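2 protein chains.
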Amino acid sequence: MATRNLPKPPAASPWKPAGARAQQREAKRNAVLQTAARLFNERGYHATSLDDIAEQLHVSKPTLYYYVKSKDDILLECVRTALGMMQQGIDEVRRAGGSAIDQLMACMRIYSRIVTMDFGMCVIRIGEDPLPAPRRKELRRLKAGIDGEFRRLIADGIAEGSLAPCDPKMAAFVLAGALSWIGRWYRPDGGLDPDAIADQSIALLMAGVQQRDPSPRRIPKKPAVRKSK
Amino acid sequence: MATRNLPKPPAASPWKPAGARAQQREAKRNAVLQTAARLFNERGYHATSLDDIAEQLHVSKPTLYYYVKSKDDILLECVRTALGMMQQGIDEVRRAGGSAIDQLMACMRIYSRIVTMDFGMCVIRIGEDPLPAPRRKELRRLKAGIDGEFRRLIADGIAEGSLAPCDPKMAAFVLAGALSWIGRWYRPDGGLDPDAIADQSIALLMAGVQQRDPSPRRIPKKPAVRKSK
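From first to last, the protein sequence lines stand for chains W and A. Per my numbering, the very first residue in the first sequence carries number 3; after that it's consecutive. Per my numbering, the very first residue in the second sequence carries number 3; after that it's consecutive.
Any given hint might turn out to be false.
One copy or two, either will do: identical chains are not told apart, so a pair holds if it fits within one copy or between any two.
Stated by the list, open to error - For lysine-lysine, the following DSS-like pairs were computed, each having C-alpha atoms within a straight-line distance of at most 30 Å: (1) LYS171 <-> LYS145; (2) LYS73 <-> LYS139; (3) LYS18 <-> LYS139; (4) LYS171 <-> LYS73; (5) LYS71 <-> LYS171; (6) LYS30 <-> LYS139; (7) LYS30 <-> LYS71; (8) LYS30 <-> LYS18; (9) LYS139 <-> LYS171.
No lab work stands behind these hints: they were computed from the structure. Everything numeric in this text was worked out from a predicted model, so none of it was measured.
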């Protein structure tokens, strides 16, 4: 993808300069990935063929091979891109600093926004499972990194006194789980605004669903189960 | 599967009575479903063949066909059974009565326990997507029923004053989403007890992760996002 700094060809040339060509290629490759992600999310990974993707883009399957190696390659790129966006967002929050609770909420917001986008939805709906072992491992490592960031922020929040004492591992699962689920039920045409979904989900997870009394009552450690058969 | 009340054959008969045969058939069918569910959850639906399932059970593939019609049929039964267990549990909670918040917590407990079991995990990891449209529709209807129960209990909880005012639809997504996610990360051999997972998740969702001050501070409606790129 690295484009050398070639001298510009004469203005009359019917070929575009190398830089522009590379840019155009990148834009086309991105269109392939985006279209594929949308189809994977709508129909499922196994139910989507390269022919389906080519058809949506009005190109032939051989044309697709100019931009991607295989269906696996496409999925890998979609998931990797989304996880990369999450990690980049978290890194920026980290660099900006501030209290752990504010950083945590900012990261939750980034996470919940990304899972409503095509690539992010792929992380939740398809994931790494269909890929061969080395690829699965790579993506799981990226996911574990993001999970680690949430755990770290939760531990920091407990330390600074803004979060209630809890097991950061469990809390990270609960927070990221609830937010991940958005990627399962969200419909771009469903009439719910992704920002509003993020706001409401984060508010619920931060404050809990229970009414806060002036004298907060303790949640029983073992909720009473009625004859759970 | 209905077995008539036939008179018992003479004691010397090498054939078992019809009732016992039906019972045994049911037990074997259940073993097929359970084994299949475990393989689906471990390897994925598409990566699991009927041959794999037969091999695990030390039987031939033709033997499997005596108990199930197809792989689709197996998945349908696994998901349907788990959703049926959830609905049945919720019905029992409902019949037992009590405050809406206690009922909600009891239902959350049932839900979170079922998603750590083979069939319940199938609901979360595989779901209805690989199935043909009429089956998908049937399972989505069952899911929508469970979602409706959560929404109803949340609305009742707000009405009785035990839950903080919120959109019951969003809250149901957040609660069921966080609990569903357990089915994605839970490993039977992972050293975490399913009951402890349920307890901690429910406590976190009820009370939120934020520290409760003596004078509860409001969660800002729009959390500050730092330069979210």
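> Is it within, between, both, or neither for LYS18 and LYS139, if the alpha carbons may be no more than 30 Å apart?
Replying inline: Classified as neither: same-chain Cα gap 40 Å, cross-chain 51 Å, threshold 30 Å.
>> Please sort LYS71 with LYS171 into within, between, both or neither, judging by C-alpha distance up to 30 Å.
In response: neither (37 Å within a copy, 42 Å between copies)
> Should LYS30 paired with LYS18 be assigned to within, between, both, or neither, using CA atoms and 30 Å as the limit?
Replying inline: Answer is within; shortest intra-copy Cα gap is 15 Å, inter-copy 68 Å.
>> At most 30 Å between CA atoms: does that hold for LYS30 and LYS71 within a copy, between copies, both, or neither?
In response: within (14 Å within a copy, 44 Å between copies)
> Using 30 Å as the alpha-carbon threshold, which applies to LYS171 and LYS73: within, between, both, or neither?
Replying inline: neither (34 Å within a copy, 36 Å between copies)
>> If the cut is 30 Å between Cα atoms, do LYS171 and LYS145 qualify within a copy, between copies, both or neither?
In response: For LYS171 and LYS145, both the intra-copy (14 Å) and inter-copy (28 Å) Cα distances are at most 30 Å.
> Between LYS73 and LYS139, at a C-alpha cutoff of 30 Å, which is it: within one copy, between copies, both, or neither?
Replying inline: both (18 Å within a copy, 28 Å between copies)
>> With identical chains, the pair LYS30 and LYS139 could be close in the same copy or across copies; at 30 Å between alpha carbons, which is it: within, between, both, or neither?
In response: within (28 Å within a copy, 36 Å between copies)
>> Regarding LYS139 and LYS171, is the shortest C-alpha distance of 30 Å or less found within a copy, between copies, in both, or in neither?
In response: Within one copy only: 21 Å inside a chain, 36 Å across chains, cut-off 30 Å.
In this structure, the hints that do not hold are numbers 3, 4, 5, in rising order.
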